[in-house]
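Participant: Please build the complete structure, drawing on both the sequences and the hints.
Same order as they appear, the protein sequences are chains R, X, F and W. Just so you know, we're using full-length UniProt numbering here: the first sequence kicks off at 1 and counts up by one. Just so you know, we're using full-length UniProt numbering here: the second sequence kicks off at 1 and counts up by one. Just so you know, we're using full-length UniProt numbering here: the third sequence kicks off at 1 and counts up by one. Just so you know, we're using full-length UniProt numbering here: the fourth sequence kicks off at 1 and counts up by one.
Derived by calculation from the structure, the hints in this document are not laboratory data. Keep in mind that this is a model prediction, so the values were computed, not measured. Accuracy of the hints is not assured; some may be wrong.
Pairs of lysine to aspartate or glutamate residues, derived as EDC-like cross-links and limited to a Cα-Cα distance of at most 20 Å, are as follows [said to hold, decoys possible]:
| no. | chain 1 | residue 1 | chain 2 | residue 2 |
| --- | --- | --- | --- | --- |
| 1 | X | K5 | F | E278 |
| 2 | X | K5 | F | E27 |
| 3 | W | K209 | F | E247 |
| 4 | R | K3 | W | E247 |
| 5 | W | K143 | W | E105 |
| 6 | R | K76 | X | D46 |
| 7 | X | K76 | W | E247 |
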Amino acid sequence: MSKYKGQAAVIFQEQIATDIYSLWIEVPCMASEAKPGQFLSLYTQDGSKLLPRPISICEIDKLQGRLRLVYRVTGKETGTELFSRLESGDTLEVMGPLGNGFPLENPGRAFLIGGGIGVPPMLELAKQLPGAKQIIAGYRDELFLTEDLERYGELYVATEDGSAGTRGNVLDAVREHGLAADVIYACGPAPMLRALKAYAEEYGIVCYISLEEKMACGIGACLACVCRSKETDSHSNVHNKRVCKDGPVFLSTEVEI
Amino acid sequence: MSKYKGQAAVIFQEQIATDIYSLWIEVPCMASEAKPGQFLSLYTQDGSKLLPRPISICEIDKLQGRLRLVYRVTGKETGTELFSRLESGDTLEVMGPLGNGFPLENPGRAFLIGGGIGVPPMLELAKQLPGAKQIIAGYRDELFLTEDLERYGELYVATEDGSAGTRGNVLDAVREHGLAADVIYACGPAPMLRALKAYAEEYGIVCYISLEEKMACGIGACLACVCRSKETDSHSNVHNKRVCKDGPVFLSTEVEI
Amino acid sequence: MDTKVNLAGVELKNPVMTASGTFGSGEEYSEFVDLSRLGAVVTKGVANVPWPGNPVPRIAETKSGMMNAIGLQNPGIDVFCRRDIPFLKQFDTKIIVNVCGKTMEDYCEVVERLGEEEVDMLEINISCPNVKEGGIAFGQNPKAVEEITAEVKKRAKQPVIMKLSPNVTDITETAKAAEAGGADVLSLINTLTGMKIDIHRRAFALANKTGGLSGPAVKPVAVRMVYQVANAVKLPVIGMGGIETAEDAIEFLLAGASAVSVGTANFYNPSATVQVAEGIEDYLERYGFEHVSDLTGLVK
Amino acid sequence: MDTKVNLAGVELKNPVMTASGTFGSGEEYSEFVDLSRLGAVVTKGVANVPWPGNPVPRIAETKSGMMNAIGLQNPGIDVFCRRDIPFLKQFDTKIIVNVCGKTMEDYCEVVERLGEEEVDMLEINISCPNVKEGGIAFGQNPKAVEEITAEVKKRAKQPVIMKLSPNVTDITETAKAAEAGGADVLSLINTLTGMKIDIHRRAFALANKTGGLSGPAVKPVAVRMVYQVANAVKLPVIGMGGIETAEDAIEFLLAGASAVSVGTANFYNPSATVQVAEGIEDYLERYGFEHVSDLTGLVK
Ligand SMILES: Cc1cc2nc3c(=O)[nH]c(=O)nc-3n(C[C@H](O)[C@H](O)[C@H](O)COP(=O)(O)OP(=O)(O)OC[C@H]3O[C@@H](n4cnc5c(N)ncnc54)[C@H](O)[C@@H]3O)c2cc1C
Ligand SMILES: Cc1cc2nc3c(=O)[nH]c(=O)nc-3n(C[C@H](O)[C@H](O)[C@H](O)COP(=O)(O)OP(=O)(O)OC[C@H]3O[C@@H](n4cnc5c(N)ncnc54)[C@H](O)[C@@H]3O)c2cc1C
Ligand SMILES: Cc1cc2nc3c(=O)[nH]c(=O)nc-3n(C[C@H](O)[C@H](O)[C@H](O)COP(=O)(O)O)c2cc1C
Ligand SMILES: Cc1cc2nc3c(=O)[nH]c(=O)nc-3n(C[C@H](O)[C@H](O)[C@H](O)COP(=O)(O)O)c2cc1C
Ligand code: FES
Ligand code: FES
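Facilitator: And the structure:
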């Protein structure tokens with residue numbers, strides 16, 4: 001059985017920016033299997049909130065059997081708000097690791113591009129991906145994880161309000177610094193992914209994007225989390241792929257976003 | 001506003017018998033008003049459990065603004081099980097004090113009779129009631145609160161299995177010790193209250209009984225918690241009284257149980 | 001910012017009211033909320049004569065909801081007029097009296113009697129699932145709905161709200177029937193019929209066997225029905241079913257409700273009504289709406 | 001202790017099955033539970049041709065429940081027979097195939113095709129609220145229910161379960177219609193139609209506007225309907241709607257169900273089915289029941 005469902009021990013949690021929390025949990029059987037780009041389903045202890053909150057793996061510490069999750073509290077009375085109250089010694093129900101994760105064979109110079117709360121999965125990817133890495137992180141205003149990221153590659157930052165790095169989005173940063181790559185790994189909001197898909201097509205390079213969708217089962221059974229695929233998918237027999245199981249990472253050319 | 005609804009600070013909680021917990025909370029505005037025989041509505045933090053858990057006041061510490069509650073965990077995944085996990089420093093949502101409480105003018109020798117989880121309210125009553133008090137506490141097997149009770153009156157114990165005190169029920173203890181009284185104050189299971197009502201009629205003495213019923217509002221508005229009254233009730237205009245507002249303490253002669 | 005809403009000529013200071021049966025006649029809750037902050041108080045159902053209601057247990061908790069089978073216990077219209085109306089007149093809020101009955105005649109008697117009283121609107125409960133006669137028997141049959149609406153309207157001095165049952169295949173049919181009968185306003189939903197069994201005692205949790213399910217659990221069904229009805233009739237709709245917060249209330253307004261009622265939430269948050277009213281104001285301000293009525297039916 | 005139940009001649013090792021659409025064809029869950037521990041696996045609905053289903057978002061969380069509007073996405077009967085049936089044949093459990101369609105002909109085509117396959121029973125979904133044609137359109141009309149049941153029965157080689165919609169005024173009418181049409185077993189409830197609105201985006205939470213409400217929130221309605229149906233027809237009933245634990249399942253059995261299905265709970269507890277099966281055994285032992293069938297309809 002490669003997926004674990006059960007309690008994880010909360011090791012340490014801290015707030016690292018407005019509404020952004022960094023949570024280390026200990027769950028050795030998951031840490032030993034996890035790959036960058038995979039995610040966990042997190043469950044609240046509130047009996048009225050039934051569904052999982054999918055959160056990407058931000059860092060893996062196989063030695064200590066620990067995983068780091070970095071997530072945003074999306075509002076009052078949400079599941080993520082409940083998670084933000086967890087303290088060392090508490091437990092948290094989790095399932096995972098889920099999804100496919102990013103491929104780690106690096107075919108050349110790589111862009112690792114994260115937008116907003118899509119930045120966290122880039123950290124473990126940066127640690128594990130071999131070769132030359134240019135990390136481009138886009139934020140609205142407040143930065144987070146930048147100190148962690150710059151240890152594993154050249155870091156370029158873009159902010160919408162121009163308070164740090166390039167004013168604008170991640171592609172503005174790419175242009176401003178005249179960067180180029182042979183492959184893109186990206187996670188972030190849909191408009192960013194759409195722009196990267198077009199960019200990759202224009203430059204004829206390979207582009208992996210991590211998608212988001214509402215989930216119920218998290219393991220491929222309920223068909224809640226589909227995205228439109230270009231070709232008929234072998235499992236669904238229609239133009240749908242499951243983000244939770246066939247993804248969340250897809251080649252930008254195989255999905256319509 | 002005499003009823004408070006809000007957070008109470010958990011001061012200390014301990015388990016005092018199998019499934020029986022003793023909880024001290026700090027909530028000064030309630031402690032200053034509370035009377036023996038009144039109760040609080042306790043609310044869980046689980047969004048799927050909406051209704052109050054009514055719990056009697058077991059002790060009042062006006063000086064420190066604290067109340068003691070002693071309650072039984074009724075099963076797995078219940079509200080009371082959630083309460084049993086509370087620790088010092090946690091908060092608990094409460095409303096109260098609710099209900100009428102026991103009258104404190106003692107017209108003579110009194111029986112204070114508690115059965116099972118009906119024992120706790122007898123403690124504060126024993127502290128506040130003037131005059132000669134004979135406390136009769138009935139249990140299935142395991143005793144609790146007996147050390148507290150014997151400080152405030154003569155204590156007689158009955159256990160169903162005979163492991164302590166009189167083997168049998170509270171009336172068996174009364175008979176075994178040849179006790180007599182001019183007034184009865186009682187809280188406990190319905191069969192016990194029924195027997196005491198009959199006993200009081202037989203001996204022509206006054207008998208106050210504290211009733212239990214499922215509650216929604218706890219303040220007299222929803223008409224969930226009624227008991228049958230002998231006469232037409234002035235508020236309901238039918239033979240129903242509200243346990244939460246007109247009670248929980250009734251004269252045994254005014255209700256049909 | 002204008003939070004006023006107009007229901008059949010009656011102007012409420014805001015769209016927030018209480019759901020019948022969850023607020024008594026306001027007395028007990030007046031310790032927690034200023035009734036003058038509410039658009040209207042809707043009273044517990046009242047009949048021509050006192051009703052004793054059902055045996056206990058009358059309620060049971062369910063996941064994110066509760067079931068009740070109070071059985072419309074009420075002191076009868078005489079005591080109600082003598083005691084509850086004068087109490088409510090002390091406040092600057094509208095008074096809506098919820099009316100129940102076993103026969104057409106019962107309803108008409110209460111409605112006629114209330115014609116002499118200073119109440120602002122009547123809400124006719126034809127959807128209570130907890131009494132054998134009356135109530136839901138009327139509310140599930142479009143023909144009966146039209147008939148009773150017409151009879152009540154003939155006698156009513158105040159605007160008439162017909163309260164619809166969600167226990168139907170197509171709620172737009174009963175809604176249209178009430179409209180055809182001359183209803184001024186519709187309110188929905190009443191409770192969904194449910195059942196709970198105590199597996200250890202192997203007995204029904206409620207003495208009445210079945211009860212009416214209310215609370216957040218039913219909100220999705222209620223929002224759907226409000227949307228359906230608001231798009232099927234021309235009458236204003238009062239939406240309810242599981243409203244706990246301003247966010248919930250706004251969902252109903254956007255679905256097509258002109259006003260909302262807070263019910264079960266009062267039991268665990270006695271200030272819920274006022275908090276909903278305040279939260280709606282915040283929302284209007286945050287998104288720059290001038291009139292609360294601008295929200296009604298905005299999502300299509 | 002005997003946990004076997006007999007549904008129209010098919011013997012299940014225990015009364016616990018999966019609810020269609022919440023378990024795929026079992027493959028994904030086989031990592032968490034031994035499918036051979038289940039009375040039956042009920043598959044996701046399958047049609048004569050592949051269906052793409054609805055646009056996303058297809059689900060939304062609600063208090064103690066969820067709404068879905070998957071729209072019956074399925075790979076079509078060919079792929080299903082080639083892939084899913086052989087997978088399930090590896091396990092010692094019964095295979096129940098859930099069938100959906102847009103027209104009478106669609107249903108009949110799938111039913112005929114399955115006559116050649118090694119499946120144990122067919123469940124006919126005439127109650128899906130999430131597709132325009134078919135589904136619920138059949139399930140809310142007693143005449144249509146009788147007709148489609150009769151047509152399906154004519155062609156079916158396996159016993160037929162008709163799955164009823166809770167979105168009706170009186171579920172005993174559709175239940176009796178299915179019985180009259182020749183159904184072997186009834187299953188209920190499918191989902192209650194609901195709606196959720198995102199008040200910040202001022203848009204429907206589901207792309208399909210409405211969705212089917214499931215999970216613990218609906219359990220009281222489901223128990224009530226199972227009780228009503230079990231007392232109105234002679235057919236065995238499969239109960240479902242919000243079952244999370246053995247206690248929930250036993251509630252359905254006591255209300256009149258012969259077997260139960262676990263649906264939404266699989267999503268947050270992938271071992272829910274097996275835990276329910278084990279918990280039922282504990283209950284039988286604790287209270288000294290010899291046969292699980294002794295529980296069926298015990299509370300009257
Ligand atoms: C594969 C994947 C990886 C993700 N990784 C991260 C991450 O590392 N950090 C992070 O902050 N966020 C991440 N997200 C988004 C995160 O799942 C949502 O922000 C979160 O579920 C919101 O839950 P809530 O309790 O705050 O909101 P609520 O409003 O209480 O959520 C209600 C329901 O909607 C679902 N939901 C709401 N928003 C989203 C969303 N954007 N995507 C999917 N489901 C949603 C919730 O899971 C829940 O079931 C990821 C999403 C996916 C699909
Ligand atoms: C006036 C009054 C005073 C009480 N004082 C005490 C006390 O001091 N100590 C104590 O242990 N118990 C007391 N009880 C009983 C206590 O309220 C219930 O045991 C408790 O509510 C059960 O909740 P739960 O979460 O364990 O059970 P659940 O099964 O989760 O409860 C579900 C619902 O049923 C209600 N309920 C269940 N059992 C009862 C019951 N016996 N009476 C009323 N409501 C019930 C709960 O309040 C809740 O709304 C008192 C009851 C009343 C009416
Ligand atoms: C305890 C209780 C009593 C009720 N009594 C009445 C009543 O007398 N008349 C009526 O029309 N509706 C009655 N209702 C229904 C509510 O007014 C409301 O329609 C329903 O509860 C849904 O709203 P909610 O989920 O906010 O409670 C009652 C509901 C509850 C919970
Ligand atoms: C995501 C999802 C998909 C479903 N798909 C189907 C289906 O294909 N066919 C069907 O008959 N019922 C379907 N249902 C309904 C369930 O089988 C079940 O009747 C309902 O969810 C109530 O049970 P529950 O509360 O345990 O989930 C689906 C339910 C869900 C939540
Ligand atoms: S969440 Fe169920 S298939 Fe992806
Ligand atoms: S609990 Fe509402 S009247 Fe007593």
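Participant: Hint by hint, say whether it matches the structure.
Facilitator: Hint-by-hint comparison with the structure:
| no. | hint | in the structure |
| --- | --- | --- |
| 1 | K5/X <-> E278/F | holds (19 Å) |
| 2 | K5/X <-> E27/F | holds (17 Å) |
| 3 | K209/W <-> E247/F | holds (18 Å) |
| 4 | K3/R <-> E247/W | violated (27 Å) |
| 5 | K143/W <-> E105/W | holds (17 Å) |
| 6 | K76/R <-> D46/X | holds (15 Å) |
| 7 | K76/X <-> E247/W | holds (11 Å) |
Comparing the model with each numbered hint stated earlier shows that hint 4 is the single one that does not hold.
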